[in-house]
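Assemble chain B onto chain A, guided by the hints.
Residue numbers (the numbering used here), protein chains in the order written: chain A, 1 to 201; chain B, 1 to 201.
Hints should not be assumed to be uniformly reliable.
Copies of one chain are not kept apart here, so a pair can be met inside one copy or by any two copies together.
As the list claims (entries may be wrong) - Here are the computed lysine-lysine pairs in the PhoX-like style, where the Cα-Cα straight-line distance is at most 25 Å: (1) K31 with K67; (2) K67 with K200; (3) K26 with K163; (4) K106 with K89; (5) K151 with K89; (6) K81 with K163; (7) K139 with K81; (8) K139 with K89; (9) K26 with K106.
The set of hints was computed from the structure by calculation and includes no laboratory data.
None of these values were measured; they are calculated from a predicted model.
2 protein chains.
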Amino acid sequence: MKEIPAPSRRRLVLLERLLSTYSGEKITSQKIQELSGWTAAVIRRDISLLEIHCGASNGYKTEDLRKAIEERLNPADEEQKCCIVGLGKIGQTLLNGTALDGSPFKLVAGFDSNVNRTEILRSSFPLHPTTLLESVIEKEGIKYAILTVEKNEAPGIAERLAKCGVRGIVNYTPCVLSVPATTQVEDVCLLTVLETLAAKK
Amino acid sequence: MKEIPAPSRRRLVLLERLLSTYSGEKITSQKIQELSGWTAAVIRRDISLLEIHCGASNGYKTEDLRKAIEERLNPADEEQKCCIVGLGKIGQTLLNGTALDGSPFKLVAGFDSNVNRTEILRSSFPLHPTTLLESVIEKEGIKYAILTVEKNEAPGIAERLAKCGVRGIVNYTPCVLSVPATTQVEDVCLLTVLETLAAKK
Chain A
1 MKEIPAPSRR
11 RLVLLERLLS
21 TYSGEKITSQ
31 KIQELSGWTA
41 AVIRRDISLL
51 EIHCGASNGY
61 KTEDLRKAIE
71 ERLNPADEEQ
81 KCCIVGLGKI
91 GQTLLNGTAL
101 DGSPFKLVAG
111 FDSNVNRTEI
121 LRSSFPLHPT
131 TLLESVIEKE
141 GIKYAILTVE
151 KNEAPGIAER
161 LAKCGVRGIV
171 NYTPCVLSVP
181 ATTQVEDVCL
191 LTVLETLAAK
201 K
Chain B
1 MKEIPAPSRR
11 RLVLLERLLS
21 TYSGEKITSQ
31 KIQELSGWTA
41 AVIRRDISLL
51 EIHCGASNGY
61 KTEDLRKAIE
71 ERLNPADEEQ
81 KCCIVGLGKI
91 GQTLLNGTAL
101 DGSPFKLVAG
111 FDSNVNRTEI
121 LRSSFPLHPT
131 TLLESVIEKE
141 GIKYAILTVE
151 KNEAPGIAER
161 LAKCGVRGIV
171 NYTPCVLSVP
181 ATTQVEDVCL
191 LTVLETLAAK
201 K
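The following block holds chain A by itself, in its conformation from the complex:
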């Protein structure tokens, strides 16, 4: 199977979500363009990466296409354990949040190097000092980390996360993280995102 690059993966993830609420039996790339803002050409190329046949001349069969994306990108629908590292303002919004409800992702641990925070903050899952990072992640089998620590802490923590088997990091810090290719990073720092939007094409 062809490898699907990250930007296409993100669009396909969103396309699956879009199709799951679309009521028509068929959908054309033109219609998807209208609903998503991606060009029909980009959409057709993304779908071609799935290497499936669900009709393209007069539109894709909506449910077939949705299923094909789901099967290609996410064949196992099992629970995926996540942790938050850094319990400042952004981290705290996730403590009792419902952001991941109804998804396979489940927050099972939070970490902060400030022990006051881990003791005082209330949360629906356990909070630990960052010294316990490796042991908790390994014991729980945590695969994804949401990184919201201070800038100066970020590089070291990212390295530790990668070393103990974390597969993906959602990076809310402005740091460029250096981790081995076995760990993927998605940069979502507000400043980075605004700079990307403002950058000339």
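Structure of chain B alone, referenced to chain A:
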């Protein structure tokens, strides 16, 4: 000039940040790979999009490369006005935050359809009911919006933002936003990002 696609733009934005703290006079694509996790081939292709010459055989001149990225992506260093739409948990973390300090981006307005929130919340910039969206954005010349409203409100608000001239939307909602090509969207919803990380390559 060649158009630079969004993923390359994001990497170049991060590369510029990385170079600004790198102490060596020269830097190789191999070294950048080590520091960033992107492959040297991807890095060389991104840099080739700048259509500049700052030496590649034994490394790029660090400061020349940094300046070239800055000039190509962001020639005008003027203030860029931003607003937050939706003052729930995520929106509130930005009210008195320092996330954009030292950057050209400046938060100048917040909006929420719940007038209690706009009256009670404390903020370093004015908060308005969403009914005033168009008039405030036009009067202030706001170019970027951080969208953190409820799911059901998101499509309508995105359309209004695009109509009144907002150039870029940072989308914290799980909705796939449909806006004209004159407005760019960056999807940073935690669930979308986790699904992208978890999706099979």
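So, going through the hints one by one against the coordinates:
1. K31 with K67: Classified as within; 18 Å inside a copy, 41 Å across copies.
2. K67 with K200: between (37 Å within a copy, 15 Å between copies)
3. K26 with K163: So K26 and K163 fail the 25 Å test inside a copy (46 Å) and across (29 Å) alike.
4. K106 with K89: Both: 20 Å inside a copy, 19 Å across copies.
5. K151 with K89: both (14 Å within a copy, 22 Å between copies)
6. K81 with K163: within (17 Å within a copy, 40 Å between copies)
7. K139 with K81: Within one copy, since 11 Å is at most 25 Å while 46 Å is not.
8. K139 with K89: neither (27 Å within a copy, 31 Å between copies)
9. K26 with K106: Result: close neither inside a copy nor across copies, 33 Å intra and 44 Å inter.
Comparing the model with each earlier hint shows violations of hints 3, 8 and 9; every other hint is respected.
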